[in-house]
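S.K.: Listed below, chain by chain, are the residues.
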Amino acid sequence: MWNKLFFSLIIIFAIVSRFLFIKELPPIFDNSVLLARYITAFLSVGSIFLLFLILITFNLRIKLIFLTIWTMAVLPWSIEQGRIFSQVSNALFFCLLFFLLIQKTKNFIFKILKLSFIPFFLYFIYPQFWIFQLTSVFRFSSKLLNNIFIIVSPDFLFFRNITFWWGGIKEFGIMYVSFLPMFMYGLYRLIIEKKYSLFIIFIFLVIISAASPFFPESREFFLSIPLISLIVGKGMYQFLYVENKWIKFMFWILIILVIYEISQYFHYYSVHYKQEIIINQREIHEAF
Amino acid sequence: MKHFNYKILFFIFIIFIFATVVRSFFLADIPPSLYSDEINQGYNAYSILLSGKDEHGIFLPISFRSFGDWKPPLPTYLMIPSIFLFGLNEFAVRLPSVILGIGSIFITFFLTKELFSSNRLALLSSFFLSISPWHILQSRSAMLVIVALFFFELGIYFFIKGVKNNKLFILSFIFFAFSIYSYYGMRVITPLMILFLIIFYRKDAIYIRKWFIFASFFSLLILTPLLLAFLKEPDVILGRARTVSIFYDQGVKLRQWELITQDGLNTSPLISRFFHNNVYMYVRNFLQRLLSHFDWNYLFFIGDKSPPFQIPEMGILYLADSIFLLVGLINLLQNKNREKFIIIFWIIFSLVPAALTFMTPSSNRTFNEVVPLVIFIAFGVTRINRLKYTQIISLSICFIYIFSFGYFLNQYFYNLKINHADYWNYGWKEVVNYVNSVAYKYDQIEVADVGMPYIYFLFYNQYDPIKYQNEAIRTYVSDQFGYEHVEGFDKYFFQINFNWKYAKENMRSKTLYIIPNLEAENDNNFIKIINYPNGKIAYKIFSNE
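So the protein lines, in turn, are chains A and B. The opening position of the first sequence corresponds to residue 1 in our numbering, with each subsequent residue numbered one higher. The opening position of the second sequence corresponds to residue 1 in our numbering, with each subsequent residue numbered one higher.
Simulated from the structure, these hints should not be mistaken for laboratory data. Check the hints yourself; a few may be wrong.
Claimed, not checked - No farther apart than 30 Å at their CA atoms in a straight line, the calculated lysine-lysine pairs in the BS3-like style are these:
{"#": "1", "chain 1": "A", "residue 1": "Lys274", "chain 2": "B", "residue 2": "Lys253"}
{"#": "2", "chain 1": "B", "residue 1": "Lys336", "chain 2": "A", "residue 2": "Lys245"}
{"#": "3", "chain 1": "A", "residue 1": "Lys248", "chain 2": "B", "residue 2": "Lys203"}
{"#": "4", "chain 1": "A", "residue 1": "Lys143", "chain 2": "B", "residue 2": "Lys7"}
{"#": "5", "chain 1": "A", "residue 1": "Lys195", "chain 2": "B", "residue 2": "Lys336"}
{"#": "6", "chain 1": "A", "residue 1": "Lys114", "chain 2": "B", "residue 2": "Lys7"}
{"#": "7", "chain 1": "A", "residue 1": "Lys248", "chain 2": "B", "residue 2": "Lys336"}
{"#": "8", "chain 1": "A", "residue 1": "Lys245", "chain 2": "B", "residue 2": "Lys203"}
All figures in this text were calculated on a predicted structure; none of them were measured in a lab.
This is chain A alone, in the form it adopts within the complex:
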């Protein structure tokens, strides 16, 4: 009996404190917002009700529950936000609603599904949430990711090294194209042999290179050359011990191609590279 009375009084207070003179207080400048203001007030009262239901599920003492929801009803900020169109106040209602639904759900899969809907809803209800804004943090992360993807791209690894635009050899990548099968196989073997420490170092170097303010003109990735050599070497080594005669035959064909590509490189280096560098002399402003 008393419980019902207390509960009703708190809810009545919440309704009155949120809806009374809502048209005039605070003064309204655009009538189109009025409906949104009513919705927020309604959801603000709803939040108090939902908090009550959630606390019940925790089996707390009823006095504590009433004191909590009363505090929420009378908090100055809660009243202020409850009487204007407030995205965050609306978001709070849905967060509490989802929390309650999750509490009431026993099935784990449905629990996950409901929980996963929270950010989705938040995006629509509270788009001004800083997480959803493209801040400089996001722009930096996005640029960093883009650079990381450039470094691990086949184009950079096998066809075009762009880290030294005016003075480098852009015609070749970090590795010869014919290294590709060895690189792939070596990588695969190292992964299944769980040599994770190598990858941690490699990832660290990739991030360091990608984060450089001078990217793509950042040569920090050169520090990973020993690791890349190790991966290719591992691949070659494994190929040597493959028993399948067809794969072995293909491997030796590949070795011939490697030799051809190395000769290509030396030809390019000795004949074409110097001609192309001379044209770019003015652009190179460092010891070279």
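Fit chain B to the known structure of chain A by using the hints.
M.R.: Only chain B this time, still in chain A's reference frame:
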């Protein structure tokens, strides 16, 4: 059916509902306009429906001549029933793609189940296909590749089934033949895949019997019209492949010439040829283009840069897919199931036609690989889920994908429509509607030919195909990019390289001029402007009346 249970059926049903909603929601309005390739197929289907002939007056063509290209016929013929039922509009044109897109999700389920005998993996694969941005984009537009994928998947599925039940080879070869009738790339991919499957299952060679021979003969019979058409017009088989191939592009040739020149006169021609020969340069170029499809920026971050296949600010796959794709790939390679090679070679074959062209990476030409990729992702998810803390991992995966999908919905259904409507040639429908309202005042309507406007006037006016076939003015002379233009019909005239500067100084009376804003940016004496949804000007309409 013994492995089937109601739980699986329930999940399949949920995926079906989900895929249907995502693929048919606002189908007529998003993408924001019919692209020229879509509308061309739509009008030709309408023309066949009413006259039995295409826009060129050819009776039931085996390849549709389209802007100087030859389009495979099946996607156009498949539009005829929906245009008959719903009329000539955006919904009817795109409906077959939606149906076949949903169909391909189901085939992916059965195919994965057949390959890996796992309901869970099959369900996850079809689920990931249903939320794939790449697959959704293609399923919601009337492009050729979604039709090709559907029949290609059926072909592979029935081939694998056919190893045990030989009669099914007939179905397999029929579907493979249909895939060849759906998209040019399949004329390379399908034969490679068939050859691979034959070699792969050579030890189960019970099929080298009458059913296999019968199926091959039957598929040849289906392909006979195409082969006969080839004898009459060789371009029918490979269409624009010649003009977009790496051999047509002058880039490699110019570089080769530059390198040989740098070698100088003192270098022996033999040495020059040894280092700068066609084989090395083209193989390198081919590999570079092939491997560009594994660029992570393309796959997960930036996507295909060529409109209309671009989803703003996202890759063709979700960023989250990158982790599961890698884990799935490693897991699949470790898997002892030999059927994994079908998936791996499926990817490789799918990339070959695209790598032979100079516009790479291309999400449209490599669309076939979407199925193997989602199987990898599904593999990755099942593998990660086997780690400790399953509940937390499941929760995180759901969280990541719901967030990713929400982002995709925003980019595709809102951002693309509002801010990038130009990707889809937006504005012609609005132009046609306006022109129709004032056309009675004018004797002549001059249109600057950008994006093949004639087909938009035919489509949105539901122009009588027989009348058009008789009055179309066209010379069939290609421009420098290989496109053929229509110069006019009725009182509409279309001019390529339209000289607006000259035309505005010599405006004729009773003539309406339709000019893209880029050509007439500083001219404000227009009588009407057509805006993009974001308020920017798309077209200006002028008259001296």
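S.K.: Hint by hint, say whether it matches the structure.
M.R.: Status of each hint after checking the structure:
1. A:Lys274 <-> B:Lys253: Holds. A:Lys274 to B:Lys253 sits at ~22 Å (cutoff 30 Å).
2. B:Lys336 <-> A:Lys245: holds, 20 Å
3. A:Lys248 <-> B:Lys203: holds, 23 Å
4. A:Lys143 <-> B:Lys7: violated, 44 Å
5. A:Lys195 <-> B:Lys336: holds, 22 Å
6. A:Lys114 <-> B:Lys7: holds, 20 Å
7. A:Lys248 <-> B:Lys336: Roughly 21 Å between the alpha carbons, so the hint for A:Lys248 and B:Lys336 holds.
8. A:Lys245 <-> B:Lys203: Status holds; Cα separation ~19 Å.
When each numbered hint is compared with the structure, a violation occurs for hint 4 only.
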